[in-house]
Structure formats: C-alpha cells, structure tokens
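Starting from the known structure of chain F, arrange chain E with the ligands on it as the hints suggest.
Here's the letter readout for the chains.
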Amino acid sequence: MTDPSSASLSSAETDDGAEAWVDPERVSLKNVLLPLLTFSVLLLIWEAAVWQARIPAWLLPAPTVIGEAFADWWRELLTHSLVTLYETLAGFALSIALGVPLAVAVVYSPVLQKTIYPILLALQSVPKVAIAPLLALWIGFGAMPKIIVVFLVCFFPIVVSTATGLTAVPPALMDLIRSLSASPYQTFVKARFPTAMPHIFVGLKIAITFAVIGAVIGEFVGSESGLGYLILVSSSQSRTPLAFAALVVLTLMSIVLYYAVEYIERLMVPWATKT
Amino acid sequence: MLASSSLEVVTTAGSIDRPKAGARAVTKIQIFDLYKTYATRTGRTTALQKVDLDIRENEFIALVGPSGCGKSTLLKLITALIKPSRGKILLGGTLLDKPSREVGIVFQQPVLMPWRGVLDNVLLPAEILGLDMTEAKARARELLELVGLGGFEDRYPGELSGGMQQRAAICRGLVHNPSVLLMDEPFAALDAMTREDLGFELLRIWERHRKTVVFVTHNISEAILLSDRVVAMSPRPGRIEKVIDIVLPRPRTLDMQFSPEFKAHSDEIRALIRRT
Ligand SMILES: Nc1ncnc2c1ncn2[C@@H]1O[C@H](COP(=O)(O)OP(=O)(O)O)[C@@H](O)[C@H]1O
Ligand SMILES: [Mg+2]
Numbered sequence: 001m002t003d004p005s006s007a008s009l010s011s012a013e014t015d016d017g018a019e020a021w022v023d024p025e026r027v028s029l030k031n032v033l034l035p036l037l038t039f040s041v042l043l044l045i046w047e048a049a050v051w052q053a054r055i056p057a058w059l060l061p062a063p064t065v066i067g068e069a070f071a072d073w074w075r076e077l078l079t080h081s082l083v084t085l086y087e088t089l090a091g092f093a094l095s096i097a098l099g100v101p102l103a104v105a106v107v108y109s110p111v112l113q114k115t116i117y118p119i120l121l122a123l124q125s126v127p128k129v130a131i132a133p134l135l136a137l138w139i140g141f142g143a144m145p146k147i148i149v150v151f152l153v154c155f156f157p158i159v160v161s162t163a164t165g166l167t168a169v170p171p172a173l174m175d176l177i178r179s180l181s182a183s184p185y186q187t188f189v190k191a192r193f194p195t196a197m198p199h200i201f202v203g204l205k206i207a208i209t210f211a212v213i214g215a216v217i218g219e220f221v222g223s224e225s226g227l228g229y230l231i232l233v234s235s236s237q238s239r240t241p242l243a244f245a246a247l248v249v250l251t252l253m254s255i256v257l258y259y260a261v262e263y264i265e266r267l268m269v270p271w272a273t274k275t
Numbered sequence: 001m002l003a004s005s006s007l008e009v010v011t012t013a014g015s016i017d018r019p020k021a022g023a024r025a026v027t028k029i030q031i032f033d034l035y036k037t038y039a040t041r042t043g044r045t046t047a048l049q050k051v052d053l054d055i056r057e058n059e060f061i062a063l064v065g066p067s068g069c070g071k072s073t074l075l076k077l078i079t080a081l082i083k084p085s086r087g088k089i090l091l092g093g094t095l096l097d098k099p100s101r102e103v104g105i106v107f108q109q110p111v112l113m114p115w116r117g118v119l120d121n122v123l124l125p126a127e128i129l130g131l132d133m134t135e136a137k138a139r140a141r142e143l144l145e146l147v148g149l150g151g152f153e154d155r156y157p158g159e160l161s162g163g164m165q166q167r168a169a170i171c172r173g174l175v176h177n178p179s180v181l182l183m184d185e186p187f188a189a190l191d192a193m194t195r196e197d198l199g200f201e202l203l204r205i206w207e208r209h210r211k212t213v214v215f216v217t218h219n220i221s222e223a224i225l226l227s228d229r230v231v232a233m234s235p236r237p238g239r240i241e242k243v244i245d246i247v248l249p250r251p252r253t254l255d256m257q258f259s260p261e262f263k264a265h266s267d268e269i270r271a272l273i274r275r276t
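Taken in sequence, the protein lines are chains F and E. Oh and the first sequence: position 113 is 113 in full-length UniProt numbering, straight run, nothing missing. Oh and the second sequence: position 242 is 242 in full-length UniProt numbering, straight run, nothing missing.
Just chain F, same shape as in the assembly (with noise of 0.2 Å):
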C-alpha cells in the first residue's frame, strides 16, 4: 500500500505538467504591438503618398479621409452592417443547422455517403457568385437569397469536418466502448460528438470568414440595403472614402466574428484549445 517509491515518483509527475515557460504577458505584448505597429506605419506611408501624389479622393482616399466619411455616415453605416450582419449570422446558423445533422447521417450511413458526399463536392464546384443572380431571379430581392448564398457557402466547410470529426475515435476507445456493448446513442452521445467538436469548430472558423463575403455576393447582385449594396452604390456615385469606410466595416465584422467563434469554442471545448 505505502510505497514511498511510487508516492514520491507521483509528485515529481505533477511537476513535469509544467512546461519550460516564456512570460505570457511578454508574448501578448508582442503579438499585439507588433502587428499593431505595422499597421500604423503602413497608414502613416499611405496618408503620406496620396498627399504627395495629389492622388484625387474619388480614385483612393487617404486613411484621415476616409475617417472623415466614418463621422458624416456613421448612422447609414451602422443600418447597412446590421442588415448584413443578420444575413450572415442566419445563414450561418441555418448551415449549422442542417449541415451537423447531415454530417452525422453521413457518417452512420455508407449509402448516404455514397450518394450525397458527391453530390456535395459538386454543389460546392459550383462558383457561388454564379448561384447569386439566379437567387435573385427565383426569390427576389430581400434578405433571404443573401442568407441562402451564405448557407451555400458555409455548408461545405461545415458537413466535411463534423463528418471528419465523427471518424475521429481513436480505434483504441472505440474497442474499449464496444467491449461494454455500449448502445449507437450512447456511442455518439459519449464519444463521437465530443470527438467531433474540436474538428467541427475548424469548419465554423473557415464558414464563418467565407460567411461575410457570401453576404457581399448576394448584395452586389441585387439588394437596398447591406453593406455591399453601400459599397457598390457609393463607388459608383464616386463617394470613395465612404466605399472604403464600408470596407473597413466589413473587414472588422469579418474579424470579430471570427474571434467570436473562437471565443465560443474556447468555452464549449476548452480541452482542445488549451495551450
């Protein structure tokens, strides 16, 4: 029972959980000043070279321009983001919604997977910004075409990883689960799912980067509303730094639902995203 050897082995395993440590504030600061300070000289350089160039703000403002356009449009761009901003989400959400369930008849069914896998990889051939004007012809012009491009867009990522995910039991654990003669639901529900979720959440990273430019597509084919459609109507009436102010906006919804993703997922699957 009382084995000194093995109690004082047991300590010094505890001890080798810690890594050789570099300080994490050091690498914060580092990963967030650095590309921080690219960025403002890169606008410094640009702001200095269309002054220097007397380069027309029609044809490419300078970054103070296009913050002037931030302060006279705030409140149309706030209106177009959210229009956009709804279409992505949903049609995201709506790819999650169909896509995880067919990824799991997929992967239980080698009948489906013979049928539907090629008729996915041929849905996802299919260049998305050719889809967009027929939407538009079929269903018109409101929020739904928009939201069904992003939905076509994102499906693909999502469906191949859940079904990546799903396969991912290690063949050990899988041995040791059918050896308890463990019922398919309880497989699933103990197993596969929580194997897949690191794996899912790869695919939701990339959908939801692919998600923002789906909603764009949709717009620049037809719409009133949504950023696209600013920005299309803005350069065409040669408002550049408002074109551009919508830009920017679209970037920074694009990273911050990236990173929301992420956060989420550092909360639903915290074992895989420790570092």
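Just so you know, not all the hints are guaranteed correct.
[Claimed, not checked] Simulated coverage check for chain E against chain F, where a stretch passes if three residues somewhere in it have a Cβ under 8 Å from a Cβ of chain F:
(1) 75-88
(2) 104-118
(3) 125-134
No lab work stands behind these hints: they were computed from the structure. Bear in mind the structure is a predicted one, so any value in this text is a computation, not a measurement. A virtual CB, placed ideally from N, CA and C, is assigned to each residue, including glycine.
Same frame as chain F, but now just chain E with the ligands:
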C-alpha cells in the same frame, strides 16, 4: 515442446467437467483449437494457428512473443470484438460469442477522453453499463487512491503525465469490477522507471482485488517478474510454444531479477521465442 504443451492442454481441458467447488484451480478462460486468419489486400494472414490454453481463475498470466505474433489478436478474441476463424473460447464455462461485462481492458495508450476529468473517465464503463453510480463513484475513488491518484479526480488528462494517465486507464478497466482484466502492452509506452513502478502497483491492486489478469508484453523480464505463468508465443503464424510456471515467490520484488530462477526462466523464454 509442442507435444508436451498440447498434452498439458488435454489434461487441463479434461477438468471442465470436474465440479468447480472442489477443484484447486478453477479454470476461468478456456481456449480451444483457436485460429484467426485475416483477409488482407495481399492475401490472407494467419495471425493465430491452433491455440489451446486454459487460463485459471485469479491467476496473473503473461503472453510474450515478438511483435506480430498475434498477442493483440488473442486478446481481441477474448474480448469478443473479433470472431475466431475456427475454434472457441469459454469464459466461466460459457461460450464467448459477444462482449462480456466480466472483462475489463487496458491498452498500450491510455485513450482517456480529454473532455472528461480523471474521475469521470474512470466512470465511463459504469455509465455505459448502467451501474449504480453512487457505488461506482466510491469504487472509482478507491481505485484512484490505490494507484496514487487520490486528489487528482478533477484533473484533466492533458494535465497528467503519461504514467498517471495509464494509472487512470487501469482504474477505468477495473471500475465495473470485471473478473478478467486484459492488458495489451499497458506499459510499453512508458519510461523504464514508471514502467517498473506501475508493474508493482498493478500487483498490489491484483492482490487487493483478485482477478484473472491476462497481460500482453514483449518484455520478457516484465512478464517473469509479474506473472504466475508465462505463455511463450512463436512468430507468425502465432502459436503457443510453451507455458512456463514461474517459480518466484510472492510478493515479488525488483531484486528477484538477479535470482538464478529468474535467469533460468529468462533464458528459457528467450530461446523459445527466438526459435522460428
Ligand atoms: N485487422 C487486421 N487485418 C489484417 N491483418 C491484421 C489485423 N490485425 C492484425 N493483423 C496481422 O496479424 C498479425 C498479428 O497481429 P497482432 O495480433 O497485432 O500481433 P502482436 O500484438 O503480437 O504484435 C500481424 O501479422 C498483423 O499484421
Ligand atoms: Mg499488439
């Protein structure tokens, strides 16, 4: 060798009909005329050829042999995860045709679930089998205490060393109180020191909760030091060369490695396994 080992099988196999209460050593697992052939792309691989073996209740038996000789295959057959090509296995006198809850398994890799804490990992078999969870928890805690993981119940596998993870995996293999524990090279992925410690810890558990332990290893010293009997297997197609009774007394100690008996066993097994 072959003749004598099959003779032994015949005599022990004759003991099935004997009333168990009176017998000195009750047979737990009986393996009769077992063959396993895998169909592969390049043809057929005979992994096991005519294996006959009686494993006694509560004995610690090791299977040793070079890699590829069918040790894992034999264990998988005892779990009923795969079916024999010919022959049969009896567990506690009944034909083993589907996985039995009398069997616990430990693999070379701990394969703990990273999203579960140590205690919840250990409880997995109890959950799947639908056992009384209050009892199972008490048992899991006792087992964890026994392997020196008391106080680590809520830690996650990622926070533990390989040795500690494997200790937890052993607890998981025992939590539903199986009468047979199958271990497939359970210490092969560990460093030599941890490996020795875990071997003796395993013996301590075994002395506390008597079970039939079938221990696969390709480490001859480990097999001798831990077991009552060692089954020496020949390389492909896997056959049993000889079953050797280990004469070392219990409790076993590390020093026994230097005894003449140990050396004699070691030399014999080495010679058996080398021969092709
Ligand atoms: N699922 C399988 N399909 C085909 N061949 C296999 C399979 N499992 C094992 N084998 C073959 O059977 C033989 C014995 O394998 P195994 O039981 O894993 O040996 P050991 O555990 O002693 O190393 C090997 O030649 C191996 O390649
Ligand atoms: Mg093996």
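Hint numbers not upheld by this structure, sorted from lowest to highest: Going through the list in order, the structure violates no hint and respects every one.
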